[in-house]
Amino acid sequence: MTKNPRTLYQKIWDAHVVDTRDDGTSLIYIDRHLVHEVTSPQAFEGLRAAGRKVRRPDLTLAVPDHNLPTTARKDAAGHVLPIADPESATQLAALRKNAPEFGIRYIDATDREQGILHVVGPEQGFSLPGATIVCGDSHTACHGGVGALAFGIGTTEVEHVLATQTLLLKQSKTMEVRVEGKLGAGVTPKDVILHVIGVIGTAGGTGHVIEYRGNVFEEMSVEGRLTVCNMSIEGGARAGLVAPDETTFAYLKGRPYAPTGEDWDKAVAWWKSLATDEGATFDKSVAIRAEDIQPTVTWGTSPEDTSAIGGVVPAPEDFADPSKREAVKVSLEYMGLTPGTRLTDVEVQNVFIGSCTNSRIEDIRAACEVLKGRHKAAGVKWAIVVPGSGLVKEQAEAEGLDKIIIEAGLEWREPGCSACLAMNPDKVPAGERCASTSNRNFTGRQGPGSRTHLMSPAMAAAAAVTGKLTDVRELVG
Amino acid sequence: MEAINHVAGRAIPFGRKNVDTDVIIPAHWLKTITREGLGKGAFEAVKKEPDNVFTDPEYAGAPILIAGDNFGCGSSREHAAWALLDMGVKCVIAPSFSDIFSGNAFKNGILTVALPQEAIDRLMEVAKSDPIDIDLETQSVTTPFQDRFSFEIDPFRKHCLENGLDEVGLTMAQDAAISAHEAKAKAELPFLARTLATAA
Numbered sequence: 001m002t003k004n005p006r007t008l009y010q011k012i013w014d015a016h017v018v019d020t021r022d023d024g025t026s027l028i029y030i031d032r033h034l035v036h037e038v039t040s041p042q043a044f045e046g047l048r049a050a051g052r053k054v055r056r057p058d059l060t061l062a063v064p065d066h067n068l069p070t071t072a073r074k075d076a077a078g079h080v081l082p083i084a085d086p087e088s089a090t091q092l093a094a095l096r097k098n099a100p101e102f103g104i105r106y107i108d109a110t111d112r113e114q115g116i117l118h119v120v121g122p123e124q125g126f127s128l129p130g131a132t133i134v135c136g137d138s139h140t141a142c143h144g145g146v147g148a149l150a151f152g153i154g155t156t157e158v159e160h161v162l163a164t165q166t167l168l169l170k171q172s173k174t175m176e177v178r179v180e181g182k183l184g185a186g187v188t189p190k191d192v193i194l195h196v197i198g199v200i201g202t203a204g205g206t207g208h209v210i211e212y213r214g215n216v217f218e219e220m221s222v223e224g225r226l227t228v229c230n231m232s233i234e235g236g237a238r239a240g241l242v243a244p245d246e247t248t249f250a251y252l253k254g255r256p257y258a259p260t261g262e263d264w265d266k267a268v269a270w271w272k273s274l275a276t277d278e279g280a281t282f283d284k285s286v287a288i289r290a291e292d293i294q295p296t297v298t299w300g301t302s303p304e305d306t307s308a309i310g311g312v313v314p315a316p317e318d319f320a321d322p323s324k325r326e327a328v329k330v331s332l333e334y335m336g337l338t339p340g341t342r343l344t345d346v347e348v349q350n351v352f353i354g355s356c357t358n359s360r361i362e363d364i365r366a367a368c369e370v371l372k373g374r375h376k377a378a379g380v381k382w383a384i385v386v387p388g389s390g391l392v393k394e395q396a397e398a399e400g401l402d403k404i405i406i407e408a409g410l411e412w413r414e415p416g417c418s419a420c421l422a423m424n425p426d427k428v429p430a431g432e433r434c435a436s437t438s439n440r441n442f443t444g445r446q447g448p449g450s451r452t453h454l455m456s457p458a459m460a461a462a463a464a465v466t467g468k469l470t471d472v473r474e475l476v477g
Numbered sequence: 001m002e003a004i005n006h007v008a009g010r011a012i013p014f015g016r017k018n019v020d021t022d023v024i025i026p027a028h029w030l031k032t033i034t035r036e037g038l039g040k041g042a043f044e045a046v047k048k049e050p051d052n053v054f055t056d057p058e059y060a061g062a063p064i065l066i067a068g069d070n071f072g073c074g075s076s077r078e079h080a081a082w083a084l085l086d087m088g089v090k091c092v093i094a095p096s097f098s099d100i101f102s103g104n105a106f107k108n109g110i111l112t113v114a115l116p117q118e119a120i121d122r123l124m125e126v127a128k129s130d131p132i133d134i135d136l137e138t139q140s141v142t143t144p145f146q147d148r149f150s151f152e153i154d155p156f157r158k159h160c161l162e163n164g165l166d167e168v169g170l171t172m173a174q175d176a177a178i179s180a181h182e183a184k185a186k187a188e189l190p191f192l193a194r195t196l197a198t199a200a
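Sequence lines, in order, name chains P and A. Just so we're aligned: 66 in this note's numbering is position 66 of the first sequence, and the numbers increase by one with no gaps anywhere. Just so we're aligned: 43 in this note's numbering is position 43 of the second sequence, and the numbers increase by one with no gaps anywhere.
No lab work stands behind these hints: they were computed from the structure. Ideal Cβ positions, reconstructed from N, Cα and C, are used throughout, including at glycine. Watch out, some of these pointers could steer you wrong.
Stated by the list, open to error - Mimicking DSBU-like on lysine-lysine, the simulated pairs with C-alpha atoms at most 35 Å apart in a straight line are:
# : chain 1 : residue 1 : chain 2 : residue 2
1 : A       : K184      : P       : K427
2 : P       : K329      : A       : K40
3 : P       : K381      : P       : K403
4 : P       : K427      : A       : K158
5 : A       : K158      : P       : K53
6 : A       : K47       : P       : K381
7 : P       : K11       : A       : K40
8 : A       : K158      : P       : K3
Unchecked claim - Computed spacing ranges between beta-carbons, pair by pair:
#  : chain 1 : residue 1 : chain 2 : residue 2 : range
9  : A       : D147      : P       : G51       : 46 to 54 Å
10 : A       : N163      : P       : N4        : 34 to 42 Å
11 : A       : P116      : P       : I406      : 56 to 64 Å
Let the sequences and hints guide you as you build the complete structure.
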């Protein structure tokens, strides 16, 4: 093994190389594979057609999340309720059948551990530092929050991993995003990552794996790091990660699939050795001052269209690049926004608190801090809080957070991907706005014609009680 | 997988930048359990715009698509590649592609050709009236007007595309190397090799 200083990413990569070809492509071993109902049916179909088996069903975990309605899953008598949408029902039934047929552990929609894969993985200790983790979903980057090398793959790659437990990859370039200083009050991990994407753009990390460095990430909880890494893909990077440290170890210890006893000690020793070596260099570096980050929202249809909440809707002419100018014009038209409008004057009719980006216990707590003792504004027609997993739901209920949510006039739902992506009944009507804690504000993302403003859970809660995009610092001091 | 050596014919001059996979195939088309029939949903929102290139009969069945920077960004859905294939597209030309999309395209036998913006501008012009020719062997894009643009392609990808090779089968042939890695990992990093079966 080389003695040259290496980055965290390079160390994880090196530990997983099965074979390297002359052209620089490597066969990389995959330690953990998460499977859901949307991107797996055609992979299982391919295996079956070729008479192939799953090589390591014991390293694979299947959980339905994208298509599930977030309303009650059983009736009062405890009978499982049918899924109304026939296509969703077909995909969900395919996973329920395929997983056991290929010997894969399956968590059902009615099990208490069910949830969004990117919440379930870390929560179960399935996602570990230094591991390579894949899933047929681009937000797999999320698991980088525990120091794993995690990235999204397409269905053919899902089939490849199922059959061989490996992937053919080219090593990515390395990128450092360093945030140092002191975050202001009301500035959360979501604001940090939205700000970062605003700075680097949606193609800023293309071809790179991002390592988030600096005291801001070191002092962040694992939940916060998961939020940050989750949106790496919105900055163009296939993966993003934070070096595992004592905070990570404390988070993982005792979780169902985390190592125990002697294995644990061995694991911690190895995990500690993964940190980027002194003197290692990155292909690209971006440095941001924590003090420059404000509570942030998006105004357009690209995650790079961010602004501090105190700002105004920009004009196409504000952008130098002619193609971006054109994109802004189209996007403002779609969003129904006029340049120069103060963001805090923009009214919202819907609020969505949830998604793999922001549905962990800390997110629910942050929303409740704002919701407590307040009520949903009259102009807000639909406001839902969707926990990331059954265990997050139990924890929140144990803390009485469900009561705060319901008393504030919001709905408290069952775990799933929900209104993040319009694949289940939770959708935003055409022409209406949604203050959303999800990760994408693309055209039609939350339903045809829906208008998404991305923000943190605290900011979404603030929008719920005022009916407008709101600076949360005015509500919580 | 179908082998691909040469793509010739009309090209759809789309040209838009940052085309995400939600634009290529919206989420509500993802609810299939097979790979066919997604062409109907391809660029669904764009098709509703006035004077769009996707409903223009001039380009019906064109095997080439020309787009702007960062084509295929966003969601990892492979349905984007299947949708393009289903609408008859065998080659996409753009200044750059998202990593995940270009991987998905390759695995489905779609050739992605990255060319500088000036070349794209020229090809957009030609595409309005004339065919374009892409030759994988010589790694070149040519027009009836003597334009010639060379492109780079990873040699392994080129080999697979030219021979229509199935990647899963190729990797399964490396079973000995994979097993050796597993044995080594079990000894050195037992906590990673530890399985769900033993943990449950």
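35 Å limit on alpha-carbon distance, applied to hinted pair K47 (chain A) and K381 (chain P): holds (31 Å)
Between D147 (chain A) and G51 (chain P), is the Cβ distance one that fits in 46 to 54 Å? holds (47 Å)
CB-CB spacing for I406 (chain P) and P116 (chain A) relative to the 56 to 64 Å hint: holds (57 Å)
Is the straight-line distance between the alpha-carbon of K158 (chain A) and that of K53 (chain P) 35 Å or less? holds (28 Å)
Quick one, are K158 (chain A) and K3 (chain P) close enough, alpha carbons at most 35 Å? Holds, at about 34 Å.
Agreement of K329 (chain P) and K40 (chain A) with the hint, judged by alpha carbon distance not exceeding 35 Å: holds (28 Å)
Is the Cα-Cα distance between K427 (chain P) and K158 (chain A) 35 Å or less? Given that 35 Å is the threshold and the Cα spacing comes to 42 Å, the pair is violated.
Between K184 (chain A) and K427 (chain P), is the straight-line Cα distance small enough, at 35 Å or below? Given that 35 Å is the threshold and the Cα spacing comes to 48 Å, the pair is violated.
Given the proposed pairing of K381 (chain P) with K403 (chain P), does the C-alpha separation stay at or below 35 Å? holds (19 Å)
Hey, K11 (chain P) versus K40 (chain A), does the alpha-carbon distance stay inside 35 Å? This hinted pair is violated, its Cα atoms lying about 45 Å apart.
Could you say whether the range 34 to 42 Å given as a hint is met by the Cβ separation of N163 (chain A) and N4 (chain P)? holds (37 Å)
The structure does not agree with the numbered hints 1, 4, 7 stated previously, though it agrees with the rest.
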